[in-house]
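Student: Okay, here's what each chain looks like letter by letter:
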Amino acid sequence: MKKLSDYLDGELEPAVALDLDRHLSGCKECTLIVNQTKLTVEIFCNAEMVELPEPVRARLHEALRRKLGLGSQA
Amino acid sequence: MLGDTQGRLPARTFIPLTAPNPHKLPSRIAKDDEHLLVAAAKKGDISAFEELVNRYEKKIFRVTMNITRNQEDAEDAMQDAFMKAYSHLKDFSGDSRFYTWLVRIAANEALMRLRKRRPNVMSLDEPVEGEEDLMPRELQDWGPSPLQRFAQTEMKEILTTAIDALEPDFRTVFVLRDVEELSTEETSKALGISVPAVKSRLLRARLKLREKLDRYFRQGGQN
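Protein chains in written order, with the working numbering: chain A, 1 to 74; chain B, 75 to 297.
Source of the hints: derived by calculation from the structure; they are not laboratory data. Don't take every hint at face value.
As the list claims (entries may be wrong) - Distance condition first, Cα-Cα at most 25 Å in a straight line; then the derived DSS-like pairs of lysine-lysine:
no.: 1; chain 1: A; residue 1: K67; chain 2: B; residue 2: K132
no.: 2; chain 1: A; residue 1: K3; chain 2: B; residue 2: K263
no.: 3; chain 1: A; residue 1: K2; chain 2: B; residue 2: K282
no.: 4; chain 1: B; residue 1: K286; chain 2: A; residue 2: K28
no.: 5; chain 1: A; residue 1: K67; chain 2: B; residue 2: K263
no.: 6; chain 1: A; residue 1: K28; chain 2: B; residue 2: K132
Stated by the list, open to error - A short, non-exhaustive set of chain A residues, derived as facing chain B with CB atoms under 8 Å:
no.: 7; residue: K2
no.: 8; residue: L4
no.: 9; residue: L32
no.: 10; residue: C45
no.: 11; residue: M49
no.: 12; residue: L52
no.: 13; residue: G69
As the list claims (entries may be wrong) - Cβ pair distances, simulated, as ranges:
no.: 14; chain 1: B; residue 1: D107; chain 2: A; residue 2: A15; range: 38 to 46 Å
no.: 15; chain 1: B; residue 1: F166; chain 2: A; residue 2: E62; range: 21 to 29 Å
no.: 16; chain 1: B; residue 1: E285; chain 2: A; residue 2: E48; range: 36 to 44 Å
no.: 17; chain 1: B; residue 1: M209; chain 2: A; residue 2: L39; range: 12 to 20 Å
no.: 18; chain 1: B; residue 1: R191; chain 2: A; residue 2: K67; range: 43 to 51 Å
no.: 19; chain 1: A; residue 1: C27; chain 2: B; residue 2: G217; range: 36 to 44 Å
no.: 20; chain 1: B; residue 1: K164; chain 2: A; residue 2: M1; range: 44 to 52 Å
no.: 21; chain 1: B; residue 1: S167; chain 2: A; residue 2: H23; range: 37 to 45 Å
no.: 22; chain 1: B; residue 1: T227; chain 2: A; residue 2: L18; range: 40 to 48 Å
Cβ atoms here follow ideal geometry from the backbone N, Cα and C, with glycine treated the same way.
Could you build all of it, start to finish, from the sequences and the hints given here?
Tutor: So this is what it looks like as structure tokens:
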């Protein structure tokens, strides 16, 4: 399990990755863990969970204009 | 069953570690002319800095919001991050991407506010507990298309609940490493913790999030 993240990131040494590939080809449980963990990361990476509310954006630009002299048209 | 790369994360992760920078300029984050804007801003071109703000404000708010999980703190952290970036622009050496540098500043601002609100919450570099509890139990297939079983708003709610429930030290590493695409070393520097600590937290974060999604995705149950 400790090697799972490195495996997903392609950061394992090739020989170790190959060993893990061989193991995965015959182990349904580990394959499920790898695939589900990979999907989990992808879901969170692709999700637009946080939006920048317009009032928050406006206050940012107002603060930058006031303190740094940036334009307020942005 | 699995090929060499079938189970691994895409694109950026396949660049060999021997490459100069495995995470250099991921297309999702940085644009090619970033260095030109930074150079102009360093020379005092205010509109260039403004363009950088416009370009990254949504992403920086995502960073501060994902770390603090509190809109007021996230807003303050974002504002201060841009202010500090501007006033310390001369210190930016260009060794890393500007965006990475900005994320580090924003993460620190967010963490400062998180610690203020929850003083005992961050213990990022403490030794990690044993690894024996990491193996998921009662594994079940999610089926071919688990995402399609949920409406967009429902999915967003599920993901928000899952990330909210994640301990802040795990969440912070996950956000910087996976969502913002900082490398392990960049994340380590940004948080002032060791590389093994980053790796350990990242593994735990990924597995915990998998477990949380499992409650919804496993076939036959939506809760």
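Student: Does each hint fit the structure? Answer for all of them.
Tutor: A quick look at each hint next to the structure:
no.: 1; hint: A:K67 - B:K132; result: 20 Å, holds
no.: 2; hint: A:K3 - B:K263; result: 22 Å, holds
no.: 3; hint: A:K2 - B:K282; result: 14 Å, holds
no.: 4; hint: B:K286 - A:K28; result: 21 Å, holds
no.: 5; hint: A:K67 - B:K263; result: 29 Å, violated
no.: 6; hint: A:K28 - B:K132; result: 40 Å, violated
no.: 7; hint: K2; result: 6 Å, holds
no.: 8; hint: L4; result: 6 Å, holds
no.: 9; hint: L32; result: 5 Å, holds
no.: 10; hint: C45; result: 6 Å, holds
no.: 11; hint: M49; result: 6 Å, holds
no.: 12; hint: L52; result: 5 Å, holds
no.: 13; hint: G69; result: 7 Å, holds
no.: 14; hint: B:D107 - A:A15: 38 to 46 Å; result: 41 Å, holds
no.: 15; hint: B:F166 - A:E62: 21 to 29 Å; result: 25 Å, holds
no.: 16; hint: B:E285 - A:E48: 36 to 44 Å; result: 23 Å, violated
no.: 17; hint: B:M209 - A:L39: 12 to 20 Å; result: 18 Å, holds
no.: 18; hint: B:R191 - A:K67: 43 to 51 Å; result: 24 Å, violated
no.: 19; hint: A:C27 - B:G217: 36 to 44 Å; result: 20 Å, violated
no.: 20; hint: B:K164 - A:M1: 44 to 52 Å; result: 45 Å, holds
no.: 21; hint: B:S167 - A:H23: 37 to 45 Å; result: 43 Å, holds
no.: 22; hint: B:T227 - A:L18: 40 to 48 Å; result: 43 Å, holds
Violated hints for the displayed structure, listed by number in ascending order: 5, 6, 16, 18, 19.
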